[in-house]
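Visitor: These protein sequences, in sequence, are chains A and B.
Throughout the first sequence, residue numbering follows the working numbering, covering 1 to 314 in sequence.
Throughout the second sequence, residue numbering follows the working numbering, covering 1001 to 1295 in sequence.
Worth flagging that the hints you see were computed from the coordinates, not collected in a lab.
Each residue gets a CB set at the ideal place from its N, CA and C atoms; glycine is no exception.
Hints may be right or wrong, so weigh each one.
[To be verified] Per label pair, the in silico range of CB-to-CB distance: (1) A:Ile82 / B:Ile1067: 38 to 44 Å; (2) B:Arg1061 / A:Pro111: 50 to 56 Å; (3) B:Lys1255 / A:Thr36: 56 to 62 Å; (4) B:Leu1273 / A:Gly157: 34 to 40 Å.
[As the list claims (entries may be wrong)] Chain B side only, calculated, beta carbon under 10 Å to chain A, not exhaustive: (5) Met1031; (6) Ala1034; (7) Leu1038; (8) Asp1134; (9) Ala1147; (10) Ala1149; (11) Thr1243; (12) Arg1254; (13) Leu1276.
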Amino acid sequence: MARHIAHRLMISLPVLLGVLMIGFLLLQVVPTDPATVSAGPSATKADIAAIRLQMGLDQPIWLQFFKYITRVLQLDLGRSMISNRAVVDEIGFTLGPTVELMFASLIWAAPLGILLGSLAARRHGSWIDRAIMALSVMGVSVPVFWIGLMLIQHVGGAGLLPFQGRDGPLWTLAGLKSIVLPAVTLGSVFVGPVARMTRTSMLETLAADYVRTARAKGLTEWKVTMHHGLRNALIPVVTLIGLQIGFLLGGSVVTETMFAWPGVGRMAVGAITSSDFPLAQGAILILAIGFLSVNLLVDVIYAGLDPRIGSAGG
Amino acid sequence: MSDLTLDLQEGGAPRTNKPAWHRLLKDPAAMAAAIFLLLVVGAALLAPWVAPSDPYASNLRLRLCPIGGPRCPGLLLGTDQTGRDMVSRLLFGLRATLMLGFTAVAIGGGFGATLGLLAAFYRRLDTPIMRFVDVLLSFPPILFGLAIAAVIGTGLNGLVVALCITAIPSIARISRGAAQQVMHQEYMEAGRSLGLGDMRLLWRYLAANTWPVILIYMTLQLGQAILLGAALSFLGLGAQPPTAELGSMAADGRKFLTIAPHVSTLPCGLIFLLVLAFNVLGDALRDALDPQLRQ
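From just these sequences and the hints, can you work out the full model?
Guide: Below you can see the structure in the form of structure tokens.
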């Protein structure tokens, strides 16, 4: 167990370093000299040189990188070049909506995927199985923006539901209404993979000896499927759902941009297209760190749930 | 999807493809996908010759002409917001999108496959290479796209680089797995005892017996690369207008969604069919080559 977590942490560290390097690089490509900007328009050359010294811009690049890491650890990510607000504050505003959208997508897509996957496994080989699997391949193949566009065209365009922005927190009616279309869009690409994973896992479990024993004991099919099949099949599925958060993240960048949802993904795209390097750096950093933490968390939980992983050393 | 792991059965990579091909020929979905892909790739290759008109020639009098509209006879699929012929734009868009996908999978996948072979062949390289691959896999693909677009700017170059990098890790894993199976084969030992050099063993023995598996996985990866490329272009981080590329065409058309839905629906539908065909064919190839996985 401890070995498994240590292994995961060892992989996460270089990733984190890579992410920080990208963030640092982004601040290096800023076309304007930070010292000139901070000195103001009336500054003399000597003033700028003094500020350069003060800001540490004359130091070797590795030392600057080290200082950048210290700044990031202190949550100092610089200021947006466009709004002039602290990048940390901007992230603070956008993180909530992104988490909200992911939650709203998972809450319906994961159960539906599990349901479809178990159904396919129960009716293995039948037309239901084939139809569900066909649907799942289609779900993996459809561009998320097409689903969004169709929903905007047919549901949003007809005035049934709002499709521009977030009208309030999730617990208000207006907020709830405004999250429906983005959440349906983002969740729809998730149903297919979950169904597929559940089916595979369920088929494996249903072939296990203890399931045969349960049947031999004379338990009802329902009880066998739910108690012995699904419960055991779910452990890998839940983990895989967690590990697929990156997949969801990709979709959320597109979904947020389409629906003007004020999340981190939309902010990242906006910052990149408007060359707001400090903000882009912050957005990419937070997306990567969020993804890494979720992965790590899921891994640790999985190792806790399934003792075989810990003892096998990962 | 990344959950499509390939495990070869004990015998290593198959050396006779006949039964596998027979199984494939009996799968109607796979055959339909293969025929569709052949047609589409052919059309994309021949785009400059078969396109009815210049995909960049606009005609503002004919803008947003619907499919089969009486305003523009002869224009099979109507026109876009500047009156450009949709058929020609779709053909050229298909060409650009496919080119992006193929380049990414050929370069990134080729690099990944080589890494996997080296990791299986040289035991001491295994750990460092696989750690590197793990690190790459820990990044969600879209983040590569965002980060690279941020560092080197939006455009096709950045997009190709991002797609190449995302293709490396999964193919490296598959190629290592397949190569490890081949490493246990007696002919590898026989080759070594004959005194063959490393290069010869690596390419003539190891690579020659693992490529079918790698190729199948590349087919599946192609679908993913196309999907990611289209998404990044849709976000405005890849191909820039007026370049005819399916993702950016879809984004272009979304401003006219209510009055002329065909401008974005056609490229979206084409991307969907393309990725679907690659996925169906890839799945079927994998099943045909490794019936144990068929459940």
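Visitor: Would you list, in rising numerical order, the hints stated earlier that this structure does not obey?
Guide: 3, 4, 5, 6, 7, 11
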